[in-house]
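> Below, each chain spelled out in residue letters.
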Amino acid sequence: MAARKRNASVAEAPAPVEAVQSDRDLHTELFTSMLLQRRFEERCAEAYAVGKIGGFSHLYIGQEATGTGAISVLRDDDYVITTYRDHGQAIARGMAPKYVMAELFGRIDGVSRGKGGSMHLFSREHNFLGGHGIVAANIPLATGVAFAIKYRGGDQVCLCFFGEAAVNNGAFHEALNMAGLWKLPVIYVIENNRYGMGTALERASAINDIAERARAYDMPKAVVDGQDVLAVRQVVGEAVQRARTEQVPTLIESRTYRFMGHSMSDAVSGTYRTKDELEQYRKRDPITVLKDYMEAHGEITEEDVARYDAEARQTCEDAWQFADKSPEPPLEALTEDVLVDTTTDTLT
Amino acid sequence: MALITYRDALNQALREEMQRDDRVFLMGEEVAVYQGAYKVSKGLLQEFGEMRVVDTPITELGFAGVGVGSAMVGLRPIVEFMTWNFALLALDQVINAAAKMLYMSGGQYNIPIVFRGPNGAALQLAAQHSQAWESWLAHIPGLKVVTPGTPADAKGLLKSAIRDDNPVVVLEGEMLYNTRGEVPDGEHVVPIGVADLKREGDHATIVTSGKMVLVAMQAADALAKEDIRVDVVDLRTVRPMDVAAIAASVKKTNRAVVLEEGWELAGIGAQVVDYIQRECFDDLDAPVLRVHQADTPMPYAKNLERAAKPDAAKTIAAVKRVMYRGD
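Heads up: the sequence lines are chains A and B, in that order. Take the first sequence: its position 151, counted from the start at 1, is 151 in the working numbering, and no numbers get skipped. Take the second sequence: its position 73, counted from the start at 1, is 73 in the working numbering, and no numbers get skipped.
Errors might be hidden in some of the hints.
What the hints assert, rightly or not - Simulated pairs of lysine to aspartate or glutamate, EDC-like, Cα-Cα distance not exceeding 20 Å:
hint	chain 1	residue 1	chain 2	residue 2
1	A	K150	B	D55
2	A	K150	B	E50
3	A	K150	A	D76
4	A	K150	B	D22
5	A	K150	B	D21
6	A	K183	B	E50
7	A	K183	B	D55
Simulated from the structure, these hints should not be mistaken for lab results. Since we're looking at a predicted model, the values are computed, not measured.
Use the sequences and the hints to build the structure in full.
See below:
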């Protein structure tokens with residue numbers, strides 16, 4: 001299959017950790033990535049409201065630090081696999097907002113040719129193995145990717161995201177048991193945003209300290225402040241190093257919060273959480289947390305912030321315009337990609 | 001040609017394909033140390049080692065997903081289910097992941113994986129261990145589904161399945177593993193999607209596949225003694241289905257019986273009848289009849305189980321009915 005060069009990034013992919021980079025440059029990169037994701041999701045909400053985006057759309061607003069920090073420590077040849085809340089992580093991995101937006105608009109220039117939509121963003125070029133729509137179903141897949149890495153004797157890792165509600169699913173248990181048993185290079189990141197749709201963690205899980213579940217699989221665990229991108233980077237970085245050099249899986253619980261509803265069809269607050277609670281969590285906006293840190297260390301000014309914000313807004317406006325002009329898939333596309341032709345080297 | 005069992009034919013296919021391509025590996029319950037619940041993988045652990053012949057915990061959903069994930073990044077897994085009855089637990093990964101990945105990724109991620117194991121009833125295993133799932137699996141776009149009924153087809157179709165770049169379901173039969181048949185020596189590959197005329201006759205057509213091929217042949221032998229000569233069309237693959245082969249036979253005989261192991265409603269036979277009415281409407285001299293399992297869960301008691309299963313006697317009766325020959 002030909003590489004999909006048109007998927008090349010506008011925002012540069014995060015640099016490998018080995019690269020020499022000043023703190024300021026690194027922090028600026030994390031900051032601008034999170035800001036871009038935020039503005040992108042805001043435009044998604046707008047596009048959804050005017051009917052440009054259909055189906056389900058699960059926004060990442062409030063959770064940006066987890067994906068951004070975790071992905072920032074990966075190499076290009078590592079793998080990322082995630083859930084249906086995948087827009088922010090796709091952008092954090094370097095997928096260009098315009099191709100992501102075209103996918104959401106159901107257009108031919110979308111990252112999945114308009115056939116996946118919001119929940120199924122894929123990019124082979126970025127080793128971004130998809131947004132997956134069934135809760136916890138991506139966890140065995142990640143485990144299989146890590147199995148393949150070990151099978152081939154490589155030193156890559158697989159980073160797997162899922163929500164806290166997924167830990168109650170059998171697929172989580174089955175997969176982590178095998179990863180612990182076989183010592184596979186996979187990092188499982190629970191994005192604990194407190195609610196599985198409208199059901200609070202403590203109403204769904206027998207234990208609330210869900211990272212404790214790692215003990216059952218003989219794997220290291222960590223809990224991290226999911227609103228602090230630098231803390232996420234630190235913790236995931238250690239886990240990645242462990243996976244790369246010792247082939248040990250890790251279970252990380254990143255404690256975060258979603259500032260929007262579960263999906264675009266869900267109220268931001270109401271039956272299952274109060275407005276007060278939401279306001280409390282909003283005070284720890286991951287973008288503000290990093291901005292405050294950078295200001296305190298003289299790494300960013302208000303003028304910088306305004307400039308980065310204008311750039312992010314422009315990128316998202318360009319993405320909207322690009323997506324809006326991209327053609328719908330031709331009707332022939334309906335029956336394409338159901339099967340691949342087995343006519344290459346495989347039948348000789 | 002060598003006369004070998006269906007089990008050994010599968011074993012040869014696995015061994016030859018693992019020798020041919022080091023991306024191919026086998027995983028499942030009891031496939032390694034135990035040498036396979038039905039000994040299909042006998043000797044493979046010793047030859048290929050534990051990285052390529054992988055014993056899994058009893059966790060069908062989990063290891064099916066591990067297989068799919070490994071296929072996303074370039075391996076070519078063969079996932080053995082001890083039986084397809086247990087594979088119901090894994091269907092989310094078979095259907096939502098393996099079958100749809102290529103489509104929902106816009107053509108970026110094909111999944112070259114084989115899901116295989118025995119399907120359908122054996123003897124007195126009762127309701128939860130005696131189910132034929134071909135119509136469920138054949139329903140899914142993005143899968144190929146093969147149902148070998150003889151040792152030669154078992155070897156040739158499994159080899160094709162392993163070389164295919166798409167997910168392929170291989171439905172074997174516990175009651176078939178000990179059956180013997182001629183298998184060509186050396187490279188023997190049977191193409192997916194091509195039916196085989198297992199018996200030639202001109203009075204009626206029996207369309208069937210998988211384990212029911214043997215039943216159809218028994219029926220054909222018995223009918224021949226009464227001078228009724230039937231075509232036995234062995235579909236061999238139920239998705240995609242070889243409609244041309246079905247139509248060619250029915251246009252010749254003008255009468256058809258469809259024999260399958262599973263239940264009636266929305267069964268494979270229903271689809272075959274649909275193809276026949278579309279392709280052969282003006283050629284038919286009688287309504288097409290179906291032989292299938294009784295519309296009940298499988299009972300344990302020997303007599304009830306016998307009554308529930310499709311067999312040669314029921315097939316013979318159906319053939320006589322489409323020929324308007326009563327006894």
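> Against each hint, give a clear statement of whether it holds in the structure.
Checked hints:
1. A:K150 - B:D55: 16 Å, holds
2. A:K150 - B:E50: 12 Å, holds
3. A:K150 - A:D76: 18 Å, holds
4. A:K150 - B:D22: Given pair A:K150, B:D22 holds - Cα atoms ~14 Å apart, limit 20 Å.
5. A:K150 - B:D21: Answer holds: A:K150 to B:D21 is near 17 Å, not above 20 Å.
6. A:K183 - B:E50: 14 Å, holds
7. A:K183 - B:D55: Judged against 20 Å, a Cα distance of about 15 Å means the pair holds.
Violated hints: none; the structure is consistent with every hint.
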